[in-house]
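Undergrad: Given chain H, work out where chain W should sit, using these hints.
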Amino acid sequence: MTMAAVIELAGITKVYRSGSLEVAALRGIDITIGEGEYVAIMGPSGSGKSTLMHIIGCLDVPSSGCYQLAGEDVSALSETELAEIRNRRIGFVFQQFNLLPSLPAWRNVELPLSYGGIPRDERRRRALAALDRVGLGDRVEHRPGELSGGQQQRVAVARALVGDPALILADEPTGNLDSTATADVLSLLDELHAQGRTIVLITHEAEVAERAGRVVLVRDGQVHTTGAVLR
Amino acid sequence: MSWWETLRTGWDAIRSHRLRSTLTTLGILIGIAAVVLTVGLGEGAQQKVSSQISALGSNLLLISPGSSTTSGGVRGGLGSSSTLTVQDATALSSKVNAPDIAAVAPATQRSESLTAASSNWTTTVVGTTPDWLSVRARSLSEGRFLSQADDDTAAAVTVLGPTTASELFGFQDPVGQNVVISNTPYTVIGVLKSAGSSSTSNLDDQAIVPLTTATDRIFGGSTRDSVQSIYVQAASAGALSAAYQEADAALLMRHHASAVSADFSITAQQSLLNTATSVSRTLTILLASIAALSLLVGGIGVMNIMLVSVTERTREIGLRKALGARPAMIRRQFLLEASLLGVAGGLLGAVLGVLGAEVLPPFINDPIAISPTAIVVAIVVAVAIGVVFGTYPATRAARLAPIDALRSE
Numbered sequence: 001m002t003m004a005a006v007i008e009l010a011g012i013t014k015v016y017r018s019g020s021l022e023v024a025a026l027r028g029i030d031i032t033i034g035e036g037e038y039v040a041i042m043g044p045s046g047s048g049k050s051t052l053m054h055i056i057g058c059l060d061v062p063s064s065g066c067y068q069l070a071g072e073d074v075s076a077l078s079e080t081e082l083a084e085i086r087n088r089r090i091g092f093v094f095q096q097f098n099l100l101p102s103l104p105a106w107r108n109v110e111l112p113l114s115y116g117g118i119p120r121d122e123r124r125r126r127a128l129a130a131l132d133r134v135g136l137g138d139r140v141e142h143r144p145g146e147l148s149g150g151q152q153q154r155v156a157v158a159r160a161l162v163g164d165p166a167l168i169l170a171d172e173p174t175g176n177l178d179s180t181a182t183a184d185v186l187s188l189l190d191e192l193h194a195q196g197r198t199i200v201l202i203t204h205e206a207e208v209a210e211r212a213g214r215v216v217l218v219r220d221g222q223v224h225t226t227g228a229v230l231r
Numbered sequence: 001m002s003w004w005e006t007l008r009t010g011w012d013a014i015r016s017h018r019l020r021s022t023l024t025t026l027g028i029l030i031g032i033a034a035v036v037l038t039v040g041l042g043e044g045a046q047q048k049v050s051s052q053i054s055a056l057g058s059n060l061l062l063i064s065p066g067s068s069t070t071s072g073g074v075r076g077g078l079g080s081s082s083t084l085t086v087q088d089a090t091a092l093s094s095k096v097n098a099p100d101i102a103a104v105a106p107a108t109q110r111s112e113s114l115t116a117a118s119s120n121w122t123t124t125v126v127g128t129t130p131d132w133l134s135v136r137a138r139s140l141s142e143g144r145f146l147s148q149a150d151d152d153t154a155a156a157v158t159v160l161g162p163t164t165a166s167e168l169f170g171f172q173d174p175v176g177q178n179v180v181i182s183n184t185p186y187t188v189i190g191v192l193k194s195a196g197s198s199s200t201s202n203l204d205d206q207a208i209v210p211l212t213t214a215t216d217r218i219f220g221g222s223t224r225d226s227v228q229s230i231y232v233q234a235a236s237a238g239a240l241s242a243a244y245q246e247a248d249a250a251l252l253m254r255h256h257a258s259a260v261s262a263d264f265s266i267t268a269q270q271s272l273l274n275t276a277t278s279v280s281r282t283l284t285i286l287l288a289s290i291a292a293l294s295l296l297v298g299g300i301g302v303m304n305i306m307l308v309s310v311t312e313r314t315r316e317i318g319l320r321k322a323l324g325a326r327p328a329m330i331r332r333q334f335l336l337e338a339s340l341l342g343v344a345g346g347l348l349g350a351v352l353g354v355l356g357a358e359v360l361p362p363f364i365n366d367p368i369a370i371s372p373t374a375i376v377v378a379i380v381v382a383v384a385i386g387v388v389f390g391t392y393p394a395t396r397a398a399r400l401a402p403i404d405a406l407r408s409e
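Protein chains in written order, with this note's numbering: chain H, 1 to 231; chain W, 1 to 409.
Only chain H is shown next, with the shape it has when bound in the complex:
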């Protein structure tokens, strides 16, 4: 592959300590994900895929190993520096949507921009454009409670892409959605991928993983198989 790597994990381990007990959640992960790739990370519960997602998302730091995100070593950054990396480089889509219920859709979408110090007018313009992009241009003033689950998740996708991050990280994005809404959100991710965005999707559903160009199977804290999806 000649394209630049967005994610380069080398020898990543993560050990949790509870009392005198040490639990190794990750035991040496090596993954490289190139720009524009659509990768699904699969694995049974307890496999360490959530921990891996946290580390990829810079929500947590590895115990050892090296993690380069968009060419920047982020393995040993402080909480404040990690916050900036998350803000600039990563767009999150969560299973629970995680929208703030008191804010209208567009203000939920502009949140990452406000933490990035973008001026107000530009934030609103970009938030509206992102909502338009996910097909919710007519729902910008609605609060999350006034939207369906699928629409809420689309607001979350708009929030993930508003900052134009190098990586969109989706953690079980369809886990709380019915089949119609699932199809909706997945086709949205397909479109984003088609436009050249790098997407990492964590899921345990095979039919969701099928959409990705590559599946990484994690088991017992190690990469079990990685390969192209057979269509």
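Note that these hints are calculated values from the structure, not bench results. Be aware that a few hints might be false.
[What the hints assert, rightly or not] Okay, the calculated beta carbon distance ranges per label pair: (1) W:Val308 / H:Arg120: 29 to 35 Å; (2) H:Gly117 / W:Leu286: 29 to 35 Å; (3) W:Ser2 / H:Glu79: 19 to 25 Å; (4) H:Pro104 / W:Leu286: 52 to 58 Å; (5) W:Val380 / H:Ser102: 27 to 33 Å; (6) H:Ser102 / W:Phe363: 41 to 47 Å; (7) W:Arg315 / H:Pro104: 17 to 23 Å; (8) H:Pro104 / W:Val380: 35 to 41 Å; (9) H:Arg125 / W:Val351: 41 to 47 Å.
[What the hints assert, rightly or not] A short, non-exhaustive set of chain H residues, derived as facing chain W with CB atoms under 8 Å: (10) His54; (11) Ala83; (12) Arg86; (13) Phe92; (14) Leu111; (15) Ser114; (16) Tyr115; (17) Gly116.
[To be verified] Example chain W residues on the side facing chain H (calculated, C-beta under 8 Å, incomplete): (18) Glu5; (19) Gly10; (20) Asp12; (21) Ser16; (22) Glu43; (23) Val180; (24) Ala268; (25) Leu319; (26) Lys321; (27) Ala322; (28) Ala325; (29) Arg326; (30) Met329; (31) Pro402.
We treat Cβ as the ideally placed atom computed from N, Cα and C, and that holds for glycine.
TA: Structure of chain W alone, referenced to chain H:
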């Protein structure tokens, strides 16, 4: 995130828990109102005392005779002897002996019945000299005061207090009319301006006559030269203690007495004022510290509610952190929220305090003086309480790990 947006976010969070925020604010509100009111009450009491005392005359010394002892050995109280004389007063007014004394007014008084054309009234008749007016810091609402000529000739003239004048003459103009004291008609030449009543004597109810008139015509008796008190006015507030010593030395010499056997006593209004002020200040400090305790309780309330809020909003904090909020921004967010509660409590408490100062005085019969400084200090304290008691919860919020925060439900 700009300050303005942080503020808006904080305001939204406070508004979304109206009852809780109101109750928390109430804790601060009551504390601030209590402090503002107690300090105002103390301030008001001090102003009242000092205005009452300065109504008696400024830079004033009062010389009273010592106690008398009868031949049977019965000792009277202070002021019962008649050791002070007009000559003592004259000696004190000498600029050579007592350069720091500005004016001297000997006075002697007795209760007498006054009769006007159709009514009578019993009041205090005071015999004194023209200097009395300036020494006692009084002024006239009409007519003139006693002159030196009145005193020299023992003229049958009198100046009435406003209460006395209205009791005797109603709405008629008293000046120029006659009142009868001890069977002698006196011409009313002036009426004093009201000075308000003090707790000890009614300053507005008296009839002033020349000292010579009082001793010769009204009181009579064997002790014509003796006076009941001598009012001494020092040249300035700073000269008060010098005036005190000059008066003391001059009288000791005239009476051939030593400090131990002195047959008179000198009291300064200032010392009364100081005592009264320090008493009321002590009380104010005591009350204000009790009120401040309630502020402390209010502050703990703020901390408590902020901790609840942090726990409740763990998920929101996690999300904000995932989206790129730095720990410092989260801390600022919660600190600002706590200070908003403090500001609201402080402002409302100050308003309540000011309202209380308007409404309460008629019921408690004491003035409440609210100074702008007290209000500003109260509000600053309220904000400080918000910040101080908000720091711990805010720091806790800032330290939450984003994954733990996101996981919680």
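Undergrad: Take the hints in turn and mark each one as holding or not.
TA: Each hint, compared with the structure:
A hinted range of 29 to 35 Å holds for the C-beta pair Val308 of chain W and Arg120 of chain H, which are about 32 Å apart. Judged by the Cβ atoms, the range 29 to 35 Å given for Gly117 of chain H and Leu286 of chain W is violated: they are separated by roughly 52 Å. With their beta carbons about 22 Å apart, Ser2 of chain W and Glu79 of chain H fall inside the hinted range of 19 to 25 Å. Taking 52 to 58 Å as the suggested C-beta distance range, the pair Pro104 of chain H and Leu286 of chain W conforms, at roughly 53 Å.
The hinted window of 27 to 33 Å between Val380 of chain W and Ser102 of chain H holds, with their beta carbons roughly 31 Å apart. Roughly 45 Å separates the CB atoms of Ser102 of chain H and Phe363 of chain W, a value that falls within the hinted 41 to 47 Å. Under the hint 17 to 23 Å, the C-beta atoms of Arg315 of chain W and Pro104 of chain H, about 19 Å apart, fit the expected range. Checked against the given bound of 35 to 41 Å, the beta carbons of Pro104 of chain H and Val380 of chain W, roughly 36 Å apart, stay inside it.
Between Arg125 of chain H and Val351 of chain W the beta carbon distance is about 42 Å. The supplied range of 41 to 47 Å therefore holds. Below 8 Å, beta-carbon pairs count as interface contacts, and His54 of chain H has one with chain W at about 5 Å; its hint therefore holds. Against a cut-off of 8 Å between C-beta atoms, the interface hint on Ala83 of chain H holds, since the closest Cβ of chain W lies about 4 Å away. Below 8 Å, beta-carbon pairs count as interface contacts, and Arg86 of chain H has one with chain W at about 5 Å; its hint therefore holds.
With a cut of 8 Å, the hint placing Phe92 of chain H at the interface with chain W holds, because the nearest CB-to-CB distance is about 5 Å. Hint status for Leu111 of chain H: holds, given a least beta-carbon distance of 5 Å to chain W, under 8 Å. Annotation: interface hint on Ser114 of chain H holds; nearest CB of chain W at approximately 5 Å, less than 8 Å. Hint on Tyr115 of chain H holds. Least Cβ distance to chain W is approximately 4 Å, under the 8 Å limit.
Using the Cβ-Cβ criterion of 8 Å, the hint placing Gly116 of chain H at the interface with chain W is satisfied: the shortest such distance is roughly 6 Å. Contact between Glu5 of chain W and chain H, as hinted, is supported at the beta carbon level, the nearest pair being about 6 Å apart and thus within 8 Å. Taken as an interface hint, Gly10 of chain W does not check out: its beta carbon lies about 12 Å from the nearest beta carbon of chain H, beyond 8 Å. Annotation: interface hint on Asp12 of chain W holds; nearest CB of chain H at approximately 6 Å, less than 8 Å.
Given the 8 Å rule on beta carbons, the hint for Ser16 of chain W holds: about 6 Å separates it from the nearest Cβ of chain H. Evaluation of the Glu43 of chain W hint against chain H yields a violated restraint, the C-beta minimum of about 45 Å exceeding 8 Å. The criterion of a C-beta within 8 Å of any C-beta in chain H is not met by Val180 of chain W, whose closest approach is roughly 87 Å, and the hint is violated. A cut of 8 Å between beta carbons decides the hint on Ala268 of chain W: the least distance to chain H is about 67 Å, and the hint is violated.
The closest approach between the C-beta of Leu319 of chain W and any C-beta of chain H is roughly 5 Å, which is under the 8 Å cut-off, so the hint is satisfied. A least Cβ separation of about 6 Å between Lys321 of chain W and chain H falls short of the 8 Å threshold, and the interface hint therefore holds. At a threshold of 8 Å, the smallest CB-CB gap from Ala322 of chain W to chain H is about 5 Å, leaving the interface hint in force. Nearest Cβ of chain H to the Cβ of Ala325 of chain W: about 5 Å, under the 8 Å cut. The hint holds.
Of the supplied interface hints, the one on Arg326 of chain W holds, with its beta-carbon coming within about 4 Å of a beta-carbon of chain H, less than 8 Å. Because the smallest distance between the Cβ of Met329 of chain W and any Cβ of chain H comes to about 7 Å, under 8 Å, the interface hint for this residue holds. Taking 8 Å as the C-beta contact cut-off toward chain H, the hint placing Pro402 of chain W at the interface holds, the least distance being around 5 Å.
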